[in-house]
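Undergrad: Each chain, written out:
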Amino acid sequence: MSIPGEVITTHTEDSVVEDATAPRELQAGRSPLRIAAHRIRKDTVAMVCLSIVMLFVLIAIFAGTLADLFNVNLTVGRPAEQLDFLGDGMPLNGPPNYGFDPEHPFGVAPKTANDNLAYWLYGCRTSLVIASTATLFATLIGVVTGLVAGFAGGVVDKVISFVIDLFLTLPFLLMALIIAPIITSRFASDPDYPTIQKFGLVAVLVFFGWMGVARLVRGETMSLREREFIQASRVIGMPTGRILFKELLPNLVAPIVVAVSLMLPGFIAAEAGLAFLGIGVTQGASWGQTILQASPYFEKYPLYLWEPLLGIVILVVALNLLGDAIRDAVDPKTRR
Amino acid sequence: MFAYIIKRLLTGVVVVVLVSMAVFALLWYGPESPARPICVQETSNRCTDERLANFEESMGYNNPIYVEYGKYAKGIFVGREMALGGNTIQCDAPCFGFSFRSRALVWDELIERLPATISLAIGGATLYLLLGIPIGIAAARRRGTLGDKLLVSSFLVISSIPYYLFALVAWLYCTLVWDLPVLGDSGYTPLLDNPAKWFAGLLLPWLCLGIFNCTAYTRYTRGAMVESLSEDYIRTAKAKGLPARTVVYKHGLRSALVPVVTIFGIDLGILLAGTIFTERIFEIQGIGLWGLRAVGSFDLPVISATAMFGAIVIIVSNIIVDVVYGVLDPRVRVS
Amino acid sequence: MKRTKSLAVVAGFAMVTLAACGGDGGDGGGSGSTSKDKFIDPASSFELVEAEGAAPEVEGAEEGGVITVLVPSDPGPEDLDPTNGWSVLGNSIQQALTNRSLTQYRRNPEGGTEVVPDLATDLGTPNEDFTEWTFTIKDGVKWETGDPVTAEEVKNGILRSFDTETFTSGPGQAYTVGWVDCPEDYAGPTKSGDCDAVQADGQELTIRMSKSFPDFNLWSTFMAIGPIPLENSEFPAYGRAPLSTGPYKIPEGGFRVNESLRLVKNDQWDPATDPARHQYADEFLIKFDQDQEKTDQILLSGNADAATTVANSLGATNANALKEALGSNYIQQTGQCISTRTPDYNKIPQLEIRQAIAYGFDFDNVQLASGNIPGVTRIPAQGLMPPGMAGRKEFFPAGEQFAYNPEKAKQLLEEAGEPGFKLTYIYDDSDAETKAGAEAEKAGYEAAGFTVEMIPYQEDAYALFDDADSPINKKLNLRATNWCSDWPAGSTMIPPLVQTGQPYNTSYFSEEEVDQRIEEIATLPIEEQADAWGDLDEMIAQKYLPNIVTAYRNDLFGAGANIGGFTGDAAMSAINYKDLFVKP
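Chains as they are written, first to last, in the numbering used here: chain A, 214 to 549; chain B, 5 to 339; chain C, 15 to 598.
If you're looking for bench data, these hints aren't it; they were derived computationally from the structure.
It cannot be assumed that every hint is accurate.
Computed cross-link-like contacts, DSS-like style, restricted to lysine-lysine with a CA-CA straight-line distance of at most 27 Å [unchecked claim]: (1) C:489 - C:424; (2) C:449 - C:436; (3) C:557 - C:424; (4) C:308 - C:422; (5) C:449 - A:411; (6) C:489 - C:308; (7) A:371 - A:459; (8) B:153 - B:11; (9) C:488 - C:557; (10) B:201 - C:424; (11) C:205 - C:361; (12) C:422 - B:201; (13) C:279 - C:361; (14) C:489 - A:411; (15) C:301 - C:279; (16) C:557 - C:407; (17) B:11 - A:371; (18) C:422 - C:557; (19) C:279 - C:557; (20) B:244 - B:254; (21) C:449 - B:201; (22) A:513 - C:422; (23) C:424 - C:449; (24) C:301 - B:201; (25) B:254 - B:242; (26) C:449 - C:489; (27) C:301 - A:513; (28) C:436 - C:489; (29) C:308 - C:156; (30) A:513 - C:449; (31) C:436 - C:308; (32) C:308 - C:361; (33) A:255 - B:153.
Sample of chain C residues with no beta-carbon within 12 Å of chain B, all distances over it, derived [claimed, not checked]: (34) 135; (35) 229; (36) 274; (37) 317; (38) 319; (39) 366; (40) 460.
Quick caveat, the model's predicted, so the values are computed rather than measured.
The C-beta atom is built at its ideal place from N, Cα and C for all residues, glycine as well.
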């Protein structure tokens, strides 16, 4: 299973933005991030990927507006009027048997006659909201633990490293399997269940996704700790917190950006994967859930399956390639 | 070296114990009542509070958690007797309890499903080594050429696709749309029952695992080969006029393979721990599907056993890899 | 009898046979469209017939071959203990192939259903007021071990069904406990020893009832009223490998819970003792919990494996393609099952509002979203008694067939002075189809002027409805019950759903008048009872409407080209496994 592995490494366009603006706060001129940003700007593949990602982000943010624009919504369809239920069960208008239907640009779903476009738009939002929230928290936890472990050293480091290793031995999917029924049995009858379910999912992703960043930050911190400027700050009696966040952290931005840029697509894939297994988001729209429902119809109604499937694939591939480009750009070893 | 192995083993044991405690605690405190699933099951959905209390009592959920964890841990080594409704079930060591759903011993079910997962994991892993390493070597030797660039970028794209979508599409098309002769027949038949059917049924899942994961190995191998081929001793070997084949395969590959084999060991562990998506998509009755089904029916002992099993397999494979690595590379032992 | 996947519980005994298109006449194909009224006339028969073995041969039957049965979306029975068997799927398979009881069902060549003797020599002899039944067990009936089946063992089986604590899903809790005259706290032979209400003397078996039970020989078709060995039959071990008395037995390791059941020929079964079963195929391989789409695709592919495959259910989207592909091996089987919505009788006392709910139930859209085909697998319903049940009356609860009519519903709400009345009900969000159905239902009610609150709930709904203290249950004012008859009589439909205090009376309906009438009918002469149930059904629906019957249920079964003798078992609402064979 590739998910746990991929979760460890990658990037958000938040950090790209950070990327572009960060150098201004740092010393002018030749900061590594500015070089990296420059490199990325010149990298066609990276820029194409970045535009794709931005497009998806805009879709996610304006899902509601876009749905209104196309005049579609998440409310249930009228299958008795919209489907040929005594025939092959497929829609009477639009794909797969008829041409484009302007009222439902992506077609309607079999059985329910729900609008595919609306579900696709809101599915995109679900996907990105869950993945970016999880990335944010996983990064925070990872950075803090990594900084503390790397800087404090000694027993603290030993304990934190052990915890990191412990978490790395827990198989992500199997753990998600354990936690899913617990969340369901605890909160299924709660009126806020849909929200709780999403937060539960974010928690699971964060819980098993922070170790990569933590390890990375710990390693970098350990090597930076012995450098002169840190030693100097210590000597002049700078408080530890200030050293950590004012001196160390800025120097860690590059590796963190790389880690984050590979974490986000991992989370998106994981979110949809869990929904596909039936243990992720079951409330509201989710691409994985649509794929699960659509896979029986792939032959009769391939569009229904391919819409969410391509959504995930394009977004995840774009994010991964972008992450890869950022890694290359940040890595001083690679030549231009 | 011996001391190193012992130290590694001891840490392994500690980790296993901690993981088992964590899983036990999670399933103890997690659900509102850990006895509810079995109560619902046994009473055909008429689990009243009174009946629930009976089940909690008879299954020991009224005792402190450490007492029950002790019983659980002891059961793994010497077996125990477990209560179910009015009956007692003898659960021989290694006892992981009984399945709420089938009332069979969890260990027996685990053993029954193990061959499917092992067949799947080993076949898939072999395939991705067989595909990944040669392609990686070829790419490294032709580094910088158009072929290399195409290969690297197309593999990057493949490995960026979520695996389960890759497998799902492969299954849908090979089995249902094109109905291919051998590939279309996926499913698990025990090797000893019918070797030909075993092979045919697993071929498509193997290919999916193989093709998808070989991309990573191609990347590792290519990277390691590029690095080792630029080492001084390779230049020396070339300089003294050794044939290119010898240089690449004997000198270059040997040092490049060490990290690759290491990653392979860990990956194999992860595969053995549960190939959930593969088993779910191809309907192979292995550990992963077993765990997934258990989630559907709140079969807590099976859920905990799959998680425990997965963690143990990963821990053990990590230890083996570390030890093997220690043997191959003396520097590791010292640090 | 329960239907595992849907909300349904209890019992599925239908007697009606079903008007399948492309039935035995073999018009082979059938056109694309299906008319909506196909099932209304169930020309069928249900009768008690004294019969002796061996069973009449099925036309064209051959011996040999392996039959694969695919069971989509149903995990199958959790155990095979006969005492615990109360599900349509498990009972239809076990009673046809492995477990014999006192009496059994047989499909006659005309498609009607007969009750014929099984282990007993005849259909039993009741005393005058049906408080005592006597059966004689046939000589020469053997267990798969070769030991003879004795009356003592049948007695053991009957008494064992009193142990409702062990056999929690068994039908004994409803029938043996209710009718067989054992002490109140009697809990089966292992816990409470003997009970003198059941006497075994040689091959003769006498059962004493606590009250008149004229339907005992229908109840005794259940495998729970069959033999259980006196030794080595402890639960749960026996439930994994019960001994067979029928034409097939379970080989070692043949049963894998929720996965598969393999059955091989039982050479100790003597056809001369059995008036209904056959032993044509060499083996049965039943696979549970299959993917519906995959099952459909296998049958559609028509390859060699598919030719000997039987499917226990067909997917709605492929129904037409399958009908064309399978020809006469495509069966539409009517069931004796109803789906109801039960408005809380205390919270919604106005009849107008209950009628408004009926008019606001968007039948077509709800059924489609739930994965059913309106008019094919679910047909619009009227009263509690499904078509084909003796005594059933044709009537309409509100003078006309309830059909989706939002305007009418709004008008009724106005009349009741409750425009925008709020309905609160639960739905299971873990199952995509159930969820989609609930959402379609909501849309229908809203268009009809209701406000709707849906609460996601994944555990057993009946347990919730049964729990008066549950805060969720207290919020609900619209519940649902899916119910099938245990045998085709109004007595297994009406009292469980409308009598005060019954667990499946989920509207909490309670009217003195109705309760009294139910008691009275039980004391009427047998011949008058059926019609009395029909009248009561009409009276309840027109006067009170505590249950809005939303649909009668039909099933779709399919089989490959080489399967012969493929028919529906109207009594069980299932496939008739007794006559299946493989064409060479």
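Undergrad: Look at each hint and say if it fits the structure.
TA: Taking the hints in turn, this is what the structure says about them:
1. Restraint check for residue 489 (chain C) and residue 424 (chain C): the C-alpha separation of about 23 Å stays at or below 27 Å, so the hint holds.
2. Using a Cα cut-off of 27 Å, the hinted pair residue 449 (chain C) and residue 436 (chain C) holds, with the two alpha carbons roughly 20 Å apart.
3. For the proposed pair residue 557 (chain C) and residue 424 (chain C), the alpha carbon gap of about 20 Å is at most 27 Å, so the pair holds.
4. Taking the CA atoms of residue 308 (chain C) and residue 422 (chain C), the gap is about 43 Å. The hint is violated against a cut of 27 Å.
5. As the CA atoms of residue 449 (chain C) and residue 411 (chain A) are separated by approximately 18 Å, the hinted pair is consistent with the 27 Å bound.
6. With a C-alpha separation of about 40 Å, the suggested pair residue 489 (chain C) and residue 308 (chain C) falls outside the 27 Å cut-off, and the hint is violated.
7. Restraint check for residue 371 (chain A) and residue 459 (chain A): the C-alpha separation of about 25 Å stays at or below 27 Å, so the hint holds.
8. Restraint check for residue 153 (chain B) and residue 11 (chain B): not satisfied, since their Cα atoms lie roughly 44 Å apart, outside the 27 Å limit.
9. In summary, the hint linking residue 488 (chain C) to residue 557 (chain C) is supported, as the alpha carbons are separated by about 26 Å, within the 27 Å threshold.
10. At roughly 63 Å between alpha-carbon atoms, residue 201 (chain B) and residue 424 (chain C) are farther apart than 27 Å, so this suggested pair is violated.
11. Proximity of residue 205 (chain C) to residue 361 (chain C) is assessed by CA-CA distance (about 43 Å); at most 27 Å being required, the pair is judged violated.
12. Between residue 422 (chain C) and residue 201 (chain B) the alpha-carbon distance is near 62 Å, which puts this suggested pair outside the 27 Å criterion.
13. Restraint check for residue 279 (chain C) and residue 361 (chain C): not satisfied, since their Cα atoms lie roughly 57 Å apart, outside the 27 Å limit.
14. At most 27 Å may separate the alpha-carbon atoms for a hinted pair to count; residue 489 (chain C) and residue 411 (chain A) meet this at roughly 25 Å.
15. For the suggested pair residue 301 (chain C) and residue 279 (chain C), the alpha carbons sit about 18 Å apart, so the restraint of at most 27 Å is met.
16. This hinted pair checks out: residue 557 (chain C) and residue 407 (chain C) have alpha carbons roughly 15 Å apart, not beyond 27 Å.
17. In summary, the hint linking residue 11 (chain B) to residue 371 (chain A) is supported, as the alpha carbons are separated by about 15 Å, within the 27 Å threshold.
18. Distance restraint check for residue 422 (chain C) and residue 557 (chain C): the Cα-Cα separation of roughly 19 Å lies within the 27 Å cut-off, and the hinted pair is therefore satisfied.
19. A threshold of 27 Å between alpha carbons decides the hint, and for residue 279 (chain C) with residue 557 (chain C) the separation of about 55 Å lies outside it, so the pair is violated.
20. Our distance criterion of 27 Å between C-alpha atoms is met by residue 244 (chain B) and residue 254 (chain B), whose separation comes to about 15 Å.
21. Taking the CA atoms of residue 449 (chain C) and residue 201 (chain B), the gap is about 39 Å. The hint is violated against a cut of 27 Å.
22. With a C-alpha separation of about 38 Å, the suggested pairing of residue 513 (chain A) with residue 422 (chain C) is violated against the 27 Å cut-off.
23. Distance restraint check for residue 424 (chain C) and residue 449 (chain C): the Cα-Cα separation of roughly 25 Å lies within the 27 Å cut-off, and the hinted pair is therefore satisfied.
24. For the proposed pair residue 301 (chain C) and residue 201 (chain B), the alpha carbon gap of about 18 Å is at most 27 Å, so the pair holds.
25. Proposed proximity of residue 254 (chain B) and residue 242 (chain B) is supported: the alpha carbons are some 12 Å apart, at most 27 Å.
26. At most 27 Å may separate the alpha-carbon atoms for a hinted pair to count; residue 449 (chain C) and residue 489 (chain C) meet this at roughly 19 Å.
27. With a C-alpha separation of about 26 Å, the suggested pairing of residue 301 (chain C) with residue 513 (chain A) holds against the 27 Å cut-off.
28. Of the pairs offered as hints, the one joining residue 436 (chain C) and residue 489 (chain C) holds, with about 11 Å between alpha carbons and a cut-off of 27 Å not exceeded.
29. For a cut-off of 27 Å, the pair hint linking residue 308 (chain C) to residue 156 (chain C) is broken: about 40 Å separates their Cα positions.
30. This hinted pair checks out: residue 513 (chain A) and residue 449 (chain C) have alpha carbons roughly 23 Å apart, not beyond 27 Å.
31. Note on residue 436 (chain C) and residue 308 (chain C): the hinted pairing is violated, with a Cα-Cα distance of about 41 Å set against a maximum of 27 Å.
32. Distance restraint check for residue 308 (chain C) and residue 361 (chain C): the Cα-Cα separation of roughly 45 Å exceeds the 27 Å cut-off, and the hinted pair is therefore not satisfied.
33. Of the pairs offered as hints, the one joining residue 255 (chain A) and residue 153 (chain B) holds, with about 18 Å between alpha carbons and a cut-off of 27 Å not exceeded.
34. Listed as outside the interface, residue 135 (chain C) is consistent with that label: its C-beta sits roughly 34 Å from the nearest C-beta of chain B, beyond the 12 Å cut-off.
35. The claim that residue 229 (chain C) lies off the interface holds: its Cβ sits roughly 23 Å from the closest Cβ of chain B, which is beyond the 12 Å cut-off.
36. The claim that residue 274 (chain C) is not at the interface with chain B is violated, since a C-beta of that chain comes within 12 Å of its own (minimum 10 Å).
37. A beta-carbon of chain B comes within 12 Å of the beta-carbon of residue 317 (chain C); the shortest separation is about 8 Å.
38. With a cut of 12 Å on Cβ distances, residue 319 (chain C) falls inside the contact zone with chain B, its closest approach being about 9 Å.
39. At roughly 34 Å from the closest C-beta of chain B, the C-beta of residue 366 (chain C) stays outside 12 Å, upholding its exclusion from the interface.
40. Remark: the non-interface label on residue 460 (chain C) is consistent with the geometry, its nearest Cβ contact in chain B lying 31 Å away (cut-off 12 Å).
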